[in-house]
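Student: Single-letter residue listing:
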Amino acid sequence: MKWVRIISVGLLLIFLQTMVFNNLHVLGVCHPWVYLLFLVCLPVMPRWAEQLIGCVTGVMMDCICSTPGIHTAACVMVSWLKPVMLSRMVQESERIVGPIVPHTAGILPFIRLTTILTVMHHLLVFSLDAWSWSLWYWVLIETIVSSVVTVGVIFVYGFLLHRS
Amino acid sequence: MHNLLRLILKYSNFLLFLAMEVAAFIWLFSEQKYQQSTFLKSSNVVVASLNMLLTNTDEYFHLREENESLAEENARLREMLNNYQGMIEDSVERDSSYVYAHLQWGYEPAKVVDVMINSQHNYLVLNKGERDGVREGQGVLSHNGVVGIVSAVNRRFAQVIPVIHPKMRLSCRIRRNGQMGFLVWSGPSPGYADLTDIGRHIEVAKGDTIETNGLTGLFPEGVMIGLIEDIELPDGDTYYKLKVKLGTDFKSLRYVQIVHNPLAAEQDSMRLVK
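Same order as they appear, the protein sequences are chains L and C.
With this note's numbering, the residue at position 150 of the first sequence is 150, and numbering never jumps.
With this note's numbering, the residue at position 28 of the second sequence is 28, and numbering never jumps.
Simulated from the structure, these hints should not be mistaken for laboratory data.
All clues stand as given, with none of them false.
Distance ranges between label pairs, derived from CB positions:
(1) C:D230 with L:I107: 46 to 54 Å
(2) C:L263 with L:V20: 37 to 45 Å
(3) C:S30 with L:V4: 30 to 38 Å
(4) C:L4 with L:P46: 20 to 28 Å
(5) C:G106 with L:V9: 41 to 49 Å
None of the values given here were measured: they were computed from a predicted structure.
C-beta atoms are modelled at their ideal positions from N, C-alpha and C, and glycine is treated no differently.
Throw the hints in and build the complete structure from the sequences for me.
Tutor: What follows is the structure in structure tokens.
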């Protein structure tokens, strides 16, 4: 049952990303990857399982967005880094039950984890997509603006929608 | 051997991470030809179908804009009709090949059902495919100018590489003096592209119209691409750096026309004759 729920949430977020957030054209620099919420809030599980879920999520996004390997690389990185960072930020992190949200992981660790993972994911996606040093300023602006929106959405979910 | 196995087990998570990253980068670098893109995979067809459903609903909220756009196009077509009437009246003085050159083109209207313009891998998906007679390599126009070229087709949908794609290099000319150049796009804005290969000895001005030159057989001659917005002439450089504001607004693009040129294959075959 737990896995069915996890898979449903993942599919729902990918659907929202594809139908809503991919069609946002705000100022030409705001392209939030909100599906990241799924990977950030994923419950604690064996690391191989988390990496596999990250890889499958990335492959699905790449197939949908016609961006070969870009999201896969970024999602695998996030799935690998998350348990490492969580274990350093939260004592006995393996005992956390349920999704990683403020009331399970703690407010400060959640904010730090979300912000760092989002910025790294967005930076890698936009850098691989641009694939040119001459566009570094644009990659930087896109990363900052889009990360703010993505982090905002994850915070809304973590702090408001998932309080209990 | 036992130690090696223990070592692999100890670092299994890191090795799995490394293997997945390497696979992702191999995928990224092996995707050289855009035609081999993931479009033909079922996932993208599912997205296109879902988008088509949403587009149908969304259309009701944009009826006013669509009306204005159609009125503009009506006016443009009326002007074209007047020009043709003038041409027929004046036909004695014109070569008949001129008339045929303008009548050879066919247009298939299509709706944009999926679009990606935020990236260096920009693309559009249209709701017309093989069953509607659409083939790879056909040109695509909007009523404001050139959109791109059909890169892949399946039964119901067609994928288009827009002019705002780094792999696109469109042969074009300046309307005022006929000087040929290439339209290229290196990002990041979907509203602008660059015109290259225009030598410093050529006179160019802001506001000059860039149009198709008809040499590729993909588009009719004289279709607007955009307007020159900025001119730079770096010291010691033999070519201008020209910034072109594109006529097509990709952000609000809903309807396009797929260009059909029955003489394209014939024209292509002559390119191989030496």
